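Asker: Work out the full structure: start from the sequences and follow the hints.
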Amino acid sequence: MRNFISFSSLRFKAMVTISALIILSSAVLGVFLFNHLRTEIKRELTKRAETTVRQLAKSCEYGVLTENRMELEDVLSALTLQDDIVYAVVQDSTGAILTQYNNIDAEELIRWIASKSFAENFISDTTTLHYKDLPDINIQVVDITFPVRTRQFDISLEDLGTTTVDEESHTANMEKIGIARVGISLAEMYNKIWSTARIIALIMFLVTLAAIVLTTLMVNVIIKPIDNLVVATERIAEGNLSHLVEGGSIDEIQRLASAFNVMVESLRMSREEIEMYNWTLEVKIAERTNELEAAQSQLLQSEKMSAIGQLAAGVAHELNNPMGGILGYAQFALEKLSKAELQDLTEKDLASQKKYLSDIEQQARRCRTIVKNLLKFSRASNKKDKKEWEDFDLNAMLNDTILLIQHQLDLGNINLKRDFADSLPMVTGNPNMLQQVFTNLMLNAQHAMPEGGQLNVKTRLAPSLGEFSGCVEIIVEDTGNGIESEHINKIFEPFFTTKEKGRGTGLGLSISYGIVREHGGDITVQSEPGKGTRFTVILPLDSTTKSGGKGEYNPESVGKDTGNESEN
Amino acid sequence: MTDSKRVKEILIVDDTEVIRQLLKDLLESEGYIVSCATDGVEALEMIKEMDFDLVFCDIHMPRKNGFDTFKESRDIAPGLPFVMTDSLPDQLAESAQEAGAVTCITKPFDIDDIRDCVSRAEQCKVKGDDVTGHIHRRQENKAPRS
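So the protein lines, in turn, are chains A and B.
Just so we're aligned: the first sequence equals residues 1 to 568 in our numbering.
Just so we're aligned: the second sequence equals residues 1001 to 1146 in our numbering.
By construction, these hints were calculated from the structure, which means they are not laboratory data.
Note that the structure is predicted; figures quoted are calculated from it, not measured.
Take the hints with a grain of salt, since some may be wrong.
[Said to hold, decoys possible] Cross-link-like lysine to aspartate or glutamate pairs, in silico, DMTMM-like; alpha carbons within 25 Å at most:
| id | chain 1 | residue 1 | chain 2 | residue 2 |
| --- | --- | --- | --- | --- |
| 1 | A | K499 | B | D1025 |
| 2 | A | K224 | A | E188 |
| 3 | A | K490 | A | E293 |
| 4 | A | K354 | B | E1072 |
| 5 | A | K132 | A | E107 |
| 6 | A | K354 | B | E1049 |
| 7 | A | K372 | A | E451 |
| 8 | A | K336 | B | D1039 |
| 9 | B | K1071 | A | E451 |
| 10 | A | K372 | B | E1017 |
| 11 | B | K1048 | A | E451 |
| 12 | A | K339 | B | E1028 |
| 13 | A | K336 | B | E1009 |
| 14 | B | K1024 | A | E293 |
| 15 | A | K355 | B | E1072 |
| 16 | A | K47 | A | E67 |
| 17 | A | K348 | B | E1009 |
| 18 | A | K499 | B | D1039 |
| 19 | A | K355 | B | E1030 |
| 20 | A | K355 | B | D1025 |
| 21 | B | K1048 | B | D1112 |
| 22 | A | K348 | B | D1112 |
| 23 | B | K1008 | A | D349 |
| 24 | A | K348 | B | D1025 |
| 25 | B | K1024 | A | E252 |
| 26 | A | K458 | A | E390 |
| 27 | A | K354 | B | D1112 |
| 28 | A | K499 | B | E1072 |
| 29 | A | K13 | A | D400 |
| 30 | A | K355 | B | D1110 |
Answerer: Quick look at the structure:
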């Protein structure tokens, strides 16, 4: 029941407020009541005092008149029955005490009564009332006086003897002949007041208590459902949606509880719906993923197929030309030989036949070369055999390469410029394969400059620096058509070519890339369409770094001069 | 006066030497006068300067492919028959045929096919058909040439 103790809780606040209110009301009521009763009690006493002293005055009339002390004493003795009369005194018109009665035998009282101050009041013609405190004897009294009067009226001798005197018809001349004085103790009054007060207090207390208890119960009736709602809401926030709330007996709370339950129920249903959708969604996602994967592998497959198709087209084209020669010349020669008679064959005829056969042989060789190149491509990807590696002079190899294609370059109006670094260290690798790479690069350059142009081949050394063990750099650059930016990422891809269909298999750069990577190096390209292209080949000098990475093309390395080897 | 109905001078356009050589040998042995061009640009130059009766033109060539060569030749020599050659079936060859080339043959070809092409070209000329559909008849404007 921590809520009970919590200072800020609704319950506590309600309790405190209502209790304070009840207590306040009780207090006010109590005080009010008390005051009223006290006044009443006082008034009662006063009245009694008055009555008593009046009666006394009246009773003393005869005694005072006749100065009959015995009579007066008799009268006073009747007062002894009243306990709270402290004293009663009858004085004559001079103020002298005719008779007195003390309830309390205290010297102070007697003395005070006999004192002068006591006698002062005899002057008054009406009743006087004082509250006197007699500290010496610890008594508080109400001191009340009343004049003793007698009627002085003329009674004629005739009337003497008749006892009925109409008091009112005669103009009464009341003459004061003395004073009756009574002192009534206030003690009882005070007692009464106090006991009244106590009773009131008790009643108020009990009423308050009862009220508070009842209020507590009432508050509980209201708060408890709210408390339940709070707990329920907390549970729901935690995720438990099956908790329902009881309404209790109060209408509004019940409605609240019902509404709450409805809301919870709908929340629960929504959540179930969401979960179901989630599940369905996940199923759909799984399905889609599968579909996507299938589509992707299909795409890959069809790309492969198309690549193979392109390859096949390239091969067909490459082979069909020499085959054309072979078939044509074979048919030609056959025709001629079958038509002619042996004796009719001239020297010229024989020479022709020889030529035809020679052409056939040449073309057949060409077919062989083409097929061999094709196989080289498939092998280049997997070759890790380093047995054919040797140390060789890079510049010399490049010179050889240039020599091989010099004629072709001249035909194409290509101006070649060499810029080789002196005393390059020896490079370890397969010079034949590297020759293939640079042949490919240079011929590509030529193809990019159909009208002719400038071809530069440079070599330079990047020396070792700390952990970097140094490499050689070979640059092949041209002033040709350049490569479009949308193609540049693909140029090392197998079968990618911007040449017309059939011209080139698109394998050249791919093979070159593979060979360079096998040597532990990297090949990068920079190009500006319309201006030219530059290929940069880096070959490491430290043979231990040549781990022979796979020759497959990694698109991310295009354009980066990182020289980093990345396993693909 | 040349016999405008017979094929006399043939132009071979192909970037592969063996094909040029083969066709040259074959056709010269048949009695035709054969000239060669290594690509479309060269071919058009030659067509401008000389009178040919038939052109064997390869589709796939550097600088200018066979189809473009054919199309541009219509401006120079509208009635000149073209036989397209290619090393694999190609859309361009079809387009050329639609545009009016006589026919298309695929390498490697039988030499009899070559001969057929020549006869077909001759037939076109005999009928006086404009193989291209153009109105001009080149024969009438042709200067005599030995």
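Asker: Any hints from earlier that this structure breaks? Give me their numbers in increasing order, please.
Answerer: 1, 2, 4, 6, 7, 8, 14, 15, 16, 21, 25, 29
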